[in-house]
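S.K.: Given the coordinates of chain A, assemble chain B onto it according to the supplied hints.
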Amino acid sequence: MRSPAFFLVSFAVGLVVFVLARMLDNDYLFFAGYTVLQYIVLATGWNILGGYTGYVNFGSAAFFALGAYSTVVLHKAFPMPIPVLMLVGGIVSGLVGFGMGYLTLRLRGAFFSIATLALAVVLQTLIVNWDFVGGSRGAYIIRPHHLEIFDYEIGYIQYLFFTMMVLAVLSLTVARMVERSRLGYGFATIRDDEVAAEACGVPTLKLKLIATTLCGALMGMAGAPFPYYIGYLQPSSAFGLEYAVNAIAMPMIGGATSWVGPLIGAVLLGTLQQVATVTISSAVNLLIVGLLLTGFVIIAPNGILGLFHKYFRGKTDFVGRRRIDRIGP
Amino acid sequence: MSALLNVAGVGKQFGGFIALEGIDLTVAQGERVGLIGPNGSGKSTLVNCICGTLHNEKGTVHFNGQTVDGLAAHERTHRGIARSFQLPRPFVTMSVADNLRVPLLYTVHTRSGRHLTVEEADARCHELADLVGLGDKCNKSPKDLTQIEMRKLELARAMATDPKLLIADESMAGLSDSEVGEIVNMLIKLNESGITIIMIEHIMRAVMSFSQRLVVLDSGKKIADGKPDEVIRNPEVERAYLGQ
Numbered sequence: 001m002r003s004p005a006f007f008l009v010s011f012a013v014g015l016v017v018f019v020l021a022r023m024l025d026n027d028y029l030f031f032a033g034y035t036v037l038q039y040i041v042l043a044t045g046w047n048i049l050g051g052y053t054g055y056v057n058f059g060s061a062a063f064f065a066l067g068a069y070s071t072v073v074l075h076k077a078f079p080m081p082i083p084v085l086m087l088v089g090g091i092v093s094g095l096v097g098f099g100m101g102y103l104t105l106r107l108r109g110a111f112f113s114i115a116t117l118a119l120a121v122v123l124q125t126l127i128v129n130w131d132f133v134g135g136s137r138g139a140y141i142i143r144p145h146h147l148e149i150f151d152y153e154i155g156y157i158q159y160l161f162f163t164m165m166v167l168a169v170l171s172l173t174v175a176r177m178v179e180r181s182r183l184g185y186g187f188a189t190i191r192d193d194e195v196a197a198e199a200c201g202v203p204t205l206k207l208k209l210i211a212t213t214l215c216g217a218l219m220g221m222a223g224a225p226f227p228y229y230i231g232y233l234q235p236s237s238a239f240g241l242e243y244a245v246n247a248i249a250m251p252m253i254g255g256a257t258s259w260v261g262p263l264i265g266a267v268l269l270g271t272l273q274q275v276a277t278v279t280i281s282s283a284v285n286l287l288i289v290g291l292l293l294t295g296f297v298i299i300a301p302n303g304i305l306g307l308f309h310k311y312f313r314g315k316t317d318f319v320g321r322r323r324i325d326r327i328g329p
Numbered sequence: 001m002s003a004l005l006n007v008a009g010v011g012k013q014f015g016g017f018i019a020l021e022g023i024d025l026t027v028a029q030g031e032r033v034g035l036i037g038p039n040g041s042g043k044s045t046l047v048n049c050i051c052g053t054l055h056n057e058k059g060t061v062h063f064n065g066q067t068v069d070g071l072a073a074h075e076r077t078h079r080g081i082a083r084s085f086q087l088p089r090p091f092v093t094m095s096v097a098d099n100l101r102v103p104l105l106y107t108v109h110t111r112s113g114r115h116l117t118v119e120e121a122d123a124r125c126h127e128l129a130d131l132v133g134l135g136d137k138c139n140k141s142p143k144d145l146t147q148i149e150m151r152k153l154e155l156a157r158a159m160a161t162d163p164k165l166l167i168a169d170e171s172m173a174g175l176s177d178s179e180v181g182e183i184v185n186m187l188i189k190l191n192e193s194g195i196t197i198i199m200i201e202h203i204m205r206a207v208m209s210f211s212q213r214l215v216v217l218d219s220g221k222k223i224a225d226g227k228p229d230e231v232i233r234n235p236e237v238e239r240a241y242l243g244q
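These protein sequences, in sequence, are chains A and B. Under my numbering, the residues of the first sequence are numbered 1 to 329, in order. Under my numbering, the residues of the second sequence are numbered 1 to 244, in order.
Isolated chain A, as found in the complex (with noise of 0.2 angstroms):
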């Protein structure tokens, strides 16, 4: 299937959820599946560095929180719709990936990993300190009840699933698209081997940073609506540990080297938070993503499409036969 057919088909499925989700006329039902919504986005930016390039990434917060105060800034400065506020997060995101890139990409393995770490701490203190946006005190951002489009009345939590809606699908197809290109293929090298990479002509350090500037994006993308959506931002939620641990969580669950893995993980696994939120208690959400996680590096460290693999296919050793679409430029 090509991209542009991928993106619609994928599009009509996300508008039925959409559609049915309405007919049961339950708000709780938009909030929790925004933020399953806003896992997919998260996971599916951590898989392109570090499902495809294999470079660990601790600092998902960094790039959401970066994403969200994006929001909060233009919100005092020049209020916008939401979808130029993700494009604006995106950007903003997207240029701090780029930058961590070029000053750590020399980095391998664990120190490249410390160094997200560090990146995200040293944010985290200058946004307490930024008095503009709130500093420690967090910013207010009152939510509209509702939105009006052509006389038609639609409920804000609803306009903002819809947007997170087609911004999954369209960061499903960013993936998916580079996986199958020649860039999916550079990734991939550079995950296994960079130094017979380079021998190849791959050039490694590019592809790097394309990697960072995309994971960064996606991230910035899915934070910017987040304001919106809880209304009070303080500088612990939108660092919070959960987006940095879900953030590779999920990938890894669900399986890292296809974008079917973060899809898979962010559903399961962020459908299960919230289950777990309501039934039990929000704090036992780390717990049970600990564990799975635990559970899941034991007996299947290449997450269920792994298993998937092995089970259905017979293949004791996940060796993917890669598809290539188009060798674009």
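FYI, nobody ran anything at the bench for these hints, they're computed from the structure. The model shown is predicted, which means the values in this text are computed figures rather than measured ones. Ideal Cβ placement from N, Cα and C applies to all residues, glycine included. Keep in mind that the hints are not guaranteed to be accurate.
Unchecked claim - Some, not all, of what chain B presents toward chain A, calculated at C-beta under 7 angstroms:
#, residue
1, His74
2, His78
3, Arg83
4, Leu87
5, Arg89
6, Val102
7, Leu105
8, Thr161
9, Tyr241
M.R.: Structure of chain B alone, referenced to chain A:
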């Protein structure tokens, strides 16, 4: 014959350890050169300096009439320098065919100025695999290959970059006698097709039957350079290998 590769006064230091010092080496277009030396004499470091994996602090490397100093490894690959690694370094999450596809996607199409189509790249992958006798293993994982097959994949992947100069870094270590013969024949066939080859090897039988010229390194210095028969009778070379 014009010089394809010209290494002049190359020096490389790791901290206080001098790995290479004042290396001069000229390789002519179409030549088959053997590079030997005891363990730790700097053979692989020299290869790394030529290919851009490491950067030499002193001296210059000219390739095809142009300097390649300061160019990253992938840029040198684009210019036409290919190498195989001493220990095979396949891309383990990709099939054999996909391993060969990487240089086709990133190097071959860049230089010819036109993109290979998906079908062209596919056909070339299988052609290369057939050439080294891995035709029926195209869809296998590199982990399922034997040692000699892994070395063949390593050579095929280097050849896939469509090089002017191929540097084979100990591509025969640990292979049996007949397997060594097989790889030497393959390299000679490649050379006949116009590719200049530098072979680094410990197996003297292979070096002697392959090389038109022999270069010897010892403790980071070049101690001999000339016709193979003469070089191995050189007293300094004997001393380097056997001690005094």
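S.K.: Against this structure, judge whether each hint is valid.
M.R.: Hints, verified against the model:
no.	hint	in the structure
1	His74	5 angstroms, holds
2	His78	6 angstroms, holds
3	Arg83	6 angstroms, holds
4	Leu87	10 angstroms, violated
5	Arg89	4 angstroms, holds
6	Val102	5 angstroms, holds
7	Leu105	5 angstroms, holds
8	Thr161	6 angstroms, holds
9	Tyr241	30 angstroms, violated
Consistency with the previously given hints fails for numbers 4 and 9, ordered from lowest to highest.
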